[in-house]
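Based on the provided sequences and hints, a complete structural model is requested.
Below are the chains, spelled out letter by letter.
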Amino acid sequence: MYRLSIFLLLCGIWIVFSGQFDAFHLALGVLSAAFITAISSSFLFVDRSKGFGARLRQITLLPGFLVWMLYQILLSNIHILKLAFSSGEIPEVKPSLVRIKTNLKTDFGKWMLANSITLTPGTITISIEGDELLIHSISSETTEGVLDDSMERKIARIFEPESQ
Amino acid sequence: MIIEIICIVLVLSGLLFLVGGAIGIIRFPDFYTRMHAAGKGDTMSVFLILIGVAIYQLNDFSIANLLVAGKIFFITIFIMWAGPTSTHALIKAGIDEGQKVWTREDKKGKPDA
Amino acid sequence: MENFFILTGVAIFALMLPILYRIIVGPTAIDRIVAVNMIGTKTMVLLIIIGMLFKRVDMFVDFALTYALLNFIGSLAAARFFDRVNPDKQIANLETKEQES
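Protein chains in written order, with the numbering used here: chain A, 1 to 164; chain S, 1001 to 1113; chain H, 2001 to 2101.
Hints were generated in silico from the structure; no laboratory data involved. All residues carry an ideal CB built from backbone N, CA and C; glycine is no exception. It cannot be assumed that every hint is accurate.
As the list claims (entries may be wrong) - Below, simulated DSS-like cross-link-like pairs (lysine-lysine); rule was C-alpha separation at most 30 angstroms, straight line:
#1 Lys1092/S x Lys105/A
#2 Lys105/A x Lys1100/S
#3 Lys50/A x Lys1092/S
#4 Lys110/A x Lys1100/S
#5 Lys1092/S x Lys94/A
#6 Lys1092/S x Lys110/A
#7 Lys1092/S x Lys101/A
#8 Lys154/A x Lys1092/S
#9 Lys101/A x Lys154/A
#10 Lys50/A x Lys94/A
#11 Lys101/A x Lys1100/S
#12 Lys110/A x Lys154/A
#13 Lys1100/S x Lys82/A
#14 Lys50/A x Lys101/A
To be verified - Anything over 12 angstroms on all C-beta distances counts as not near chain S; from chain A, calculated:
#15 Leu28
#16 Ser116
#17 Gly145
What the hints assert, rightly or not - Pair ranges (Cβ atoms, derived):
#18 Ser49/A x Phe2081/H: 35 to 41 angstroms
#19 Arg2080/H x Phe24/A: 38 to 44 angstroms
#20 Glu141/A x Pro2027/H: 26 to 32 angstroms
#21 Thr60/A x Glu1097/S: 42 to 48 angstroms
#22 Gly130/A x Glu1097/S: 20 to 26 angstroms
Here it is, written out as structure tokens:
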């Protein structure tokens, strides 16, 4: 099941990148996709115990999260722009390091949380150690923003519905 | 016509965010705040400019143009994943190297020092 | 529309100059690495704009994709170089704040 979906995904990527539809190139694409699926299909979708319904639920919930994420990136760029054009010695900057705990279990969930924290205004994840995240925050208001766990609950609702 | 207007608006707003990142990397006082400007300013501006170009490319519709727009969209997805990852790697390297964090107290320090 | 793309390319090129200042002046080596990474991203956008000008985007988009991949790998390798410089990891001069839960 998972192997078949990885194979179809690789075939789609081949068609987009080669852009040729004659039989020779299509056969080459099918051959190389089958070869890559055979040797390294275990890199993608590490947790194979989830059924088809759970994956379908993740796929349907993901676009809403991505749109929210895009809005957050827009806000953080406006924040950077505001800081860059403020006059004199930049008044708002008061850096601090924050250490927060997360309840997410899987590596993919932690990666998603770290990238989301990096892309929201004024915070960058420095490192993940176990279930602790070290975060550099640019001012005291953004520190308040990262300490509440609304983003973590959004991610847990999509990727780990059983943990809450 | 309306597609060209959408393209121009997207590319111009992308250029505005690029200006923000470029000014930020000059003005911000220490390495970590410069990382904020570098990591975030690039993602959104590249996204906006490339989406604008892809929409303009779809103006006269054909299979080849659809494939090109698909490739450009793939590049934007890749940038949105790779940007935060390289930001983590570089700021972790800065921590390991022992970069000083700029604080409000050292008044004498020029922002560049 | 062609003039607009020419102006966009010139603007992106002009925006590389302030980052070049950070490469030349930048106090430490890692500032320079960050600046090189930003210039690489801008070069990738510039390649696609040049492709729009030459009416050969189908060719230039592959160059841009390769450039983005190389830029990402290059910044990761440069960051890896600093990995074990300071093993005891005393984080500069700033207190850390714990989450009260």
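Verification of the supplied hints:
1. Only pairs whose Cα atoms come within 30 angstroms are accepted, and Lys1092/S paired with Lys105/A is accepted, the gap being roughly 23 angstroms.
2. In summary, the hint linking Lys105/A to Lys1100/S is not supported, as the alpha carbons are separated by about 33 angstroms, beyond the 30 angstroms threshold.
3. For the suggested pair Lys50/A and Lys1092/S, the alpha carbons sit about 34 angstroms apart, so the restraint of at most 30 angstroms is broken.
4. Of the supplied pair hints, the one linking Lys110/A and Lys1100/S holds, its CA atoms being roughly 28 angstroms apart against a limit of 30 angstroms.
5. The straight-line distance between the Cα atoms of Lys1092/S and Lys94/A is roughly 20 angstroms, inside the 30 angstroms bound, and the hint therefore holds.
6. A hinted pair counts as satisfied when its Cα atoms are at most 30 angstroms apart, and Lys1092/S with Lys110/A qualifies at roughly 17 angstroms.
7. Taken as a hint, the Lys1092/S and Lys101/A pair is honoured in the structure, with Cα atoms around 19 angstroms apart against an allowance of 30 angstroms.
8. Between Lys154/A and Lys1092/S the alpha-carbon distance is near 26 angstroms, which keeps this suggested pair within the 30 angstroms criterion.
9. For the suggested pair Lys101/A and Lys154/A, the alpha carbons sit about 16 angstroms apart, so the restraint of at most 30 angstroms is met.
10. Between Lys50/A and Lys94/A the alpha-carbon distance is near 44 angstroms, which puts this suggested pair outside the 30 angstroms criterion.
11. Between Lys101/A and Lys1100/S the CA atoms are separated by roughly 25 angstroms; this keeps the pair inside 30 angstroms, and the hint holds.
12. Our distance criterion of 30 angstroms between C-alpha atoms is met by Lys110/A and Lys154/A, whose separation comes to about 13 angstroms.
13. A distance of roughly 24 angstroms separates the Cα atoms of Lys1100/S and Lys82/A; the hinted pair therefore holds under the 30 angstroms criterion.
14. A distance of roughly 26 angstroms separates the Cα atoms of Lys50/A and Lys101/A; the hinted pair therefore holds under the 30 angstroms criterion.
15. With a least CB separation of 17 angstroms from chain S, Leu28/A remains clear of the 12 angstroms interface cut-off, as annotated.
16. The non-interface label for Ser116/A is inconsistent with chain S: the shortest C-beta to C-beta separation is roughly 9 angstroms, within 12 angstroms.
17. Residue placement check: Gly145/A keeps its beta carbon more than 12 angstroms from all beta carbons of chain S (closest about 14 angstroms).
18. Checking the proposed 35 to 41 angstroms range against Ser49/A and Phe2081/H shows it holds: the Cβ atoms sit about 39 angstroms from each other.
19. One distance hint, 38 to 44 angstroms for the beta-carbon pair Arg2080/H and Phe24/A, holds here, with the actual separation near 40 angstroms.
20. A hinted range of 26 to 32 angstroms holds for the C-beta pair Glu141/A and Pro2027/H, which are about 28 angstroms apart.
21. With their beta carbons about 44 angstroms apart, Thr60/A and Glu1097/S fall inside the hinted range of 42 to 48 angstroms.
22. At about 23 angstroms, the beta-carbon gap between Gly130/A and Glu1097/S stays in the expected band of 20 to 26 angstroms.
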